[in-house]
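Trainee: One-letter residues, chain by chain:
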Amino acid sequence: MKKLLSAAILMLFIAASPLKAQNLKDVLNEYFDVTGQKKILKVETLTTFGKINQGGLEIPFKQITARPANFRVEGTFQGLTFLQTFNGTEAWTVNPFSGSTEPQPIPADQLKSLKIQADMDGMLWDWKDKGYSAVLDSTEDVEGTKCFKVDVTIDSNDVYTFYIDTESYLLIKSHAKVFMSGQAVESDTYYSNYKDVEGMILPGQIENRYNGVTGELIVIDRYEVDTPYPQSDFNKPAVAETPVTPGDN
Amino acid sequence: MMLFTSLKKQVILSLLSVSLTGMYAQNVITDATFSAIEGRHIGPARTSGRIVAIDASDKDPNLVYVGAAGGGLWKSKNQGTTFKPVFDDYTQSIGTICIDQQHPDTVWIGTGEPWTRNSVSIGTGIYKTTDGGEKFEFMGLAKSERISKIIVDPSNSNNVYAAVQGALWSDSEERGVYKTTDGGKTWSRLLYVNPSTGCASLAMDPNNPQVLYAAMWDHRRTAYDFRSGGPGSGLYKSTDGGANWTKLSAGLPEGTIGRIAVAVSKVAPYSVYALVESEKSALYKSVDNGANWLKMSDQNAMGERPFYFSNISPDPVEADRIYKPGFVLLVSNDGGKIFQGASTEGGAYHSDTHAFYVSPKDNRFMYLGTDGGVYVSRDKGNTWSHCENLPVAQFYHVSVDMQKPYNVYGGLQDNGSWKAPSSNPGGIQNADWETIGIGDGFNAFADKSDPDLVYWQYQGGRVYRSNTKTGENKFIKPFADATTEDLRYNWNTPVHFGKKSNWLYIGAQYLYRSKDKGDSWERISGDLTTDNPLRQQQEKSGGVSADNTTAENNTTIFTISESALDANVIWVGTDDGNVQVTTDGGKTWNLVSTQISGLPPLAFISGIESDNFDKAAAYVTVDAHRNGDMQPYVFYTNDYGKTWKSLVNETVNGYCHVIKQDIVNSNLLFLGTEFGLYVSLDKGVTWVQFKSNIPQVGVFDMAIHPRDHDLVLATHGRGIIIIDDITPIRNFKMEMLEADVTFLPTRPYYLSSGGIVQDFPGDDEFVGNNPNGSAVVAYFMKKRHMIGEMYIEIYDNKGNYIKKQPATTRKGLNIVRIQTMLPPPRVPSSPNPLFEAAFGPELEAGDYLIKLIKGKDTLSTKLTINNNPDVNHSAADRQLRRESLLKAYNLLEELAYVDYQAIEIRKQTLALADSVKNKGLRANSFKYADKMAAMHEKISATQPGEGGVAGQIRLREKIAEVYSAIGSYEGKPTDLQLAALSVYVDAVKAMQSELDILIKGDLANYNAGIVRAGLQPVKVSDKATFMQSK
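Those protein sequence lines, which keep their order, are chains Z and P.
Under our numbering, the residues of the first sequence are numbered 1 to 249, in order.
Under our numbering, the residues of the second sequence are numbered 1 to 1030, in order.
Just so you know, these hints were derived from the structure itself, not from any lab.
The model shown is predicted, which means the values in this text are computed figures rather than measured ones.
Heads up, a few of these hints could be off.
[Claimed, not checked] When the alpha-carbon atoms are kept at most 30 Å apart in a straight line, the in silico BS3-like pairs for lysine-lysine are as follows:
#1 Lys1019/P to Lys62/Z
#2 Lys733/P to Lys851/P
#3 Lys75/P to Lys177/Z
#4 Lys146/Z to Lys851/P
#5 Lys856/P to Lys38/Z
#6 Lys195/Z to Lys782/P
#7 Lys783/P to Lys862/P
#8 Lys645/P to Lys733/P
#9 Lys59/P to Lys177/Z
#10 Lys783/P to Lys39/Z
#11 Lys691/P to Lys146/Z
#12 Lys195/Z to Lys862/P
#13 Lys51/Z to Lys1023/P
#14 Lys804/P to Lys195/Z
#15 Lys185/P to Lys177/Z
#16 Lys195/Z to Lys803/P
#17 Lys683/P to Lys615/P
#18 Lys112/Z to Lys135/P
#19 Lys851/P to Lys195/Z
#20 Lys615/P to Lys515/P
#21 Lys927/P to Lys1023/P
#22 Lys782/P to Lys149/Z
#23 Lys931/P to Lys1023/P
#24 Lys77/P to Lys149/Z
#25 Lys62/Z to Lys803/P
#26 Lys733/P to Lys146/Z
#27 Lys862/P to Lys51/Z
#28 Lys515/P to Lys660/P
#29 Lys907/P to Lys1000/P
#30 Lys77/P to Lys112/Z
#31 Lys195/Z to Lys39/Z
Taking the hints into account, I'd like the entire structure generated from these sequences.
Mentor: Given below as structure tokens:
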């Protein structure tokens, strides 16, 4: 009861917080504090295990982010593994569902989104040093919840908008408008089911929507902090092995 | 601050384990409350709708903006192959579009259509985007009602001129030519004539932005008359950026002038053209910058409906080529003397052309906006392709039938009457829309008892009953007889099927009723209107140019509603302010509008909805915009009209067209206004706008499907929009606002095959989305779930766990699609995917338990999966199919285990071959490895299929094909499917036996040797362990 009461009193502070944070610096400071940015800055690798729900399928996946700018994601279905790796400068994909087991290079204009994925600290941290521009646009309602709206422009065209809950200071939604092959590609990502991971508050559920329609619903079963990985995990992958090749017997 | 933020983090952490209740401010319903239910746009785009304005980039004409009469603003970057709506948060009535050609990301939008037909909507001012349409900013002129032209000074983008045509239905001071010199922050009125005269056309000398020509138009529309022309009309010129103006007259017609279109040639700027509506309308030309004018042509086409077609467009490249949009697109090649149709080989575009753009970069390329959408020509207007991707159709009414899926029926402004399915395999395509009537369409219905009969109408009460099988059309409009005066029918004549009786009603000034589908009619009233002769002079309508198309017919019945409880109770509303009711089937009528306090006089009674639960009650919407009053009016009575109360408040925006009461929840009301859809859960005490994928478009009519519980909207600008399954809203209670989580019911879920389709229509065709075909669970949350786990578990009715899936977490209503498929079968390994086995079998019909786990709380509800009632499979056949499907499913998994064993034995024996020194053991290692490779090759395709076309068919692929085949049909499998399955069962058994013999025999002996050699023997997991590893 005491715990409940103290939490209730503290919620009053949360309710009052929008009056406190009215500029970008304050909003981001609150956000970093709430989400445990200090801890995030110390993390070397973060591994995410979960399932991607897409088109009625549930695909287990594992995603690794490793400093300084490495990223790897793999998903397995019917024993076949989809793989994407990025080592900070180059990226590859292996997609057996397209009929190929050989790694294919990822085009340059798709690297920028992988760079963002590989940024352990998040786009909002040290945005100036990264060459981005950021503005606190306004507050906006996201599905009934009032949010601070922060626009981050990472080059002349690509704009990411972050919607931070004015009560909890957790990220509810981000919107990306990224140019690929000369065309703007837009998507919305919604975050929920936050969990405490060794002092970091990380989402347990992520939903990607395209033109308002759910594309992927990602459930995160667990995070693993600072598991060591060799650099080779992020370089060009080997050709996927098959158990038997024709003529083996 | 540090203390504060630290406290907050503690709260976040504490919320991970503590559930808090009762500590939030009281919730209220907002436009986000039900946003999980979205409007579903189904078109049509085949007919599209009236296009008012077009502007394209002069440097890159692939970039084009298109403005619709009631369907908003659309952007295309590819000549119209695809369009995107970019103005859904604002009025959907566009007046004009102006791209700043020096900065094409800056686009100015003037709202309010300038083509002032009777059904025209209204604007809300001027807007600007500076980022290519991502965001628009309101820039003022809020009371302008309609803006006909915007010009950006090419030498200074902060200087912008706006031609404000102004109010159509009343006097207004906000008219004339306006200018901003600060990019829209402030505006100055530069030219003003009088309260009834606005600027209908504005042109700038392309060589000198200080020189402007303004066409002022004195005009007025009422419910019963239109006047084009008056003393205020005239052509003006300024040579100092609008500071001073001179009225031009030398060579222009004398007498009363109507609407003028003025344009300056880009290629020969000394040439100015004026299309002048006068007693003999004609095209005039000045070659001395407007000082003197010469009549060029008074062909009849120069006088075609000037209020609708006042447009002249000199070619930007060829000085003597002049275009005149009108009923069709005309062109002159001699500077305006003789006009002819621009098309010689083609011309299959919709008549009534309003917006026109010719590229100065290549004058063969042009866009044309018509009453039926946008067309593109690449040969100077000779031939045209239609952009069938602009769903901006303007419906007046909608109805639904009881087919499966149900069809929607409705009539469109200038685009006839149509029918389309509410869903279709692959989505609702243009080809799915079927024409059933011509002209301006209004009401259209399917006959409830004869599926071959449909009813449709065109303007002025011309009602037909058509037999879709024979192609016969019977004209069933009631005619006057010896007992009546000439009949007066509204442009949008009400045709109504009684909610109780299903008798057919039509309203002239009298109410007619037919009990035999229109073959015979009974007049059941006297004149129910004011019968005011001053409002019956439509033959004099038009002003300078006569124009009588029934659009100004007045003193007519406009809406009819028979009580759902008693066919003797009939409500009627007229277009001149009368509400009448009979309680004896029409023998006697009571004029009850006199009892309505606050009723604006002589307004359209736009809609009456007899209460579905109380025969003494009715809801009335009133539309007074034709009197210059844009306010919403809704009234309610529950004593047959003796007393009334108002049901609108400041939440509701826009004059009102229609109100519908739910057929289950008497407190649930839907209101359609000129600016969208509103919902009330408390019988009209409070309203909230329903914005979820519903633009601020005029909602003219609605239908609630009695079986599927959809709300179907007839919008006058964005076609048909369906709000699927309103059951959760219908069952919502206000107290749920304060509860953490509350389940809400949804409509029943039926298993369905879904159909098949193979079609590649290209990107340039609109396809309407299908409804969600999944089972759903709905719940309401008072607050967004942010912290801690939240998910759904599915159990069978015996409490056996089936699976877990994500939940949605939004504040307000949540609609979660339940994943009713079992996990896919585990399949043998292969370099190729096995798409036939990508999904598990769907859960069979029955009751299931749904658990919603939210943090430490668990809430439960029931989900029922029903068999498709439209397929007649016996229970035995369904059972056989289910057993066979599961047998194939299990067989794939058994084969996967066989394959696993073979792969493991091969892997381990190959590794041992490298380790053992004994020649016999080494030889056996290779022997077993080869044996297992051979077995694997019998099981699975091993050739990697680049692009999935390897074509190897092994046992895995064969079983998967049977599995897929059985799964795709709800009834009895074919005999050979069952036979093949038996063969495959035997084959898998044989393989497992072969393995068992090997493992227990030769491999056991081999393993003993391996152990003796001090190595680890070959070992494979048992089946249970293998399956658990799934």
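Trainee: A separate judgement is required for each hint: does it hold in the structure or not?
Mentor: Against the structure, the hints:
For the proposed pair Lys1019/P and Lys62/Z, the alpha carbon gap of about 28 Å is at most 30 Å, so the pair holds. Among the hinted pairs, Lys733/P with Lys851/P is consistent with the structure: their alpha-carbon atoms are about 22 Å apart, no more than 30 Å. Straight-line distance between C-alpha atoms of Lys75/P and Lys177/Z comes to about 17 Å, which keeps the hinted pair within the 30 Å bound. Between Lys146/Z and Lys851/P the CA atoms are separated by roughly 29 Å; this keeps the pair inside 30 Å, and the hint holds.
Restraint check: the Cα-Cα separation between Lys856/P and Lys38/Z comes to about 29 Å, which is no more than 30 Å; the hinted pair holds. With a CA separation close to 21 Å, the supplied pair Lys195/Z and Lys782/P stays within the 30 Å bound. A hinted pair counts as satisfied when its Cα atoms are at most 30 Å apart, and Lys783/P with Lys862/P qualifies at roughly 23 Å. Using a Cα cut-off of 30 Å, the hinted pair Lys645/P and Lys733/P holds, with the two alpha carbons roughly 24 Å apart.
The hinted pair formed by Lys59/P and Lys177/Z meets the criterion: a straight-line CA distance of about 25 Å does not exceed 30 Å. Between the alpha carbons of Lys783/P and Lys39/Z the distance comes to roughly 29 Å, so the proposed pair stays at or under 30 Å and holds. For a cut-off of 30 Å, the pair hint linking Lys691/P to Lys146/Z stands: about 17 Å separates their Cα positions. Distance restraint check for Lys195/Z and Lys862/P: the Cα-Cα separation of roughly 29 Å lies within the 30 Å cut-off, and the hinted pair is therefore satisfied.
Taking the CA atoms of Lys51/Z and Lys1023/P, the gap is about 25 Å. The hint holds against a cut of 30 Å. For the hint linking Lys804/P to Lys195/Z, the alpha-carbon distance of about 19 Å falls within 30 Å, and the restraint holds. At most 30 Å may separate the alpha-carbon atoms for a hinted pair to count; Lys185/P and Lys177/Z meet this at roughly 29 Å. Note on Lys195/Z and Lys803/P: the hinted pairing holds, with a Cα-Cα distance of about 22 Å set against a maximum of 30 Å.
Of the supplied pair hints, the one linking Lys683/P and Lys615/P holds, its CA atoms being roughly 16 Å apart against a limit of 30 Å. Between Lys112/Z and Lys135/P the alpha-carbon distance is near 25 Å, which keeps this suggested pair within the 30 Å criterion. About 21 Å separates the Cα atoms of Lys851/P and Lys195/Z, which keeps this hinted pair within 30 Å; it holds. A C-alpha spacing of about 21 Å is found between Lys615/P and Lys515/P, which places the hinted pair at or below 30 Å, so the restraint holds.
Distance check on the hinted pair: Lys927/P and Lys1023/P sit about 24 Å apart at the alpha-carbon level, within 30 Å; holds. At roughly 22 Å between alpha-carbon atoms, Lys782/P and Lys149/Z fall within 30 Å of each other, so this suggested pair holds. This hinted pair checks out: Lys931/P and Lys1023/P have alpha carbons roughly 21 Å apart, not beyond 30 Å. For the suggested pair Lys77/P and Lys149/Z, the alpha carbons sit about 28 Å apart, so the restraint of at most 30 Å is met.
Taking the CA atoms of Lys62/Z and Lys803/P, the gap is about 21 Å. The hint holds against a cut of 30 Å. In summary, the hint linking Lys733/P to Lys146/Z is supported, as the alpha carbons are separated by about 23 Å, within the 30 Å threshold. A C-alpha spacing of about 26 Å is found between Lys862/P and Lys51/Z, which places the hinted pair at or below 30 Å, so the restraint holds. About 25 Å separates the Cα atoms of Lys515/P and Lys660/P, which keeps this hinted pair within 30 Å; it holds.
Distance hint between Lys907/P and Lys1000/P is fulfilled; the C-alpha atoms sit about 18 Å from each other, no more than 30 Å. Using a Cα cut-off of 30 Å, the hinted pair Lys77/P and Lys112/Z holds, with the two alpha carbons roughly 24 Å apart. A C-alpha spacing of about 14 Å is found between Lys195/Z and Lys39/Z, which places the hinted pair at or below 30 Å, so the restraint holds.
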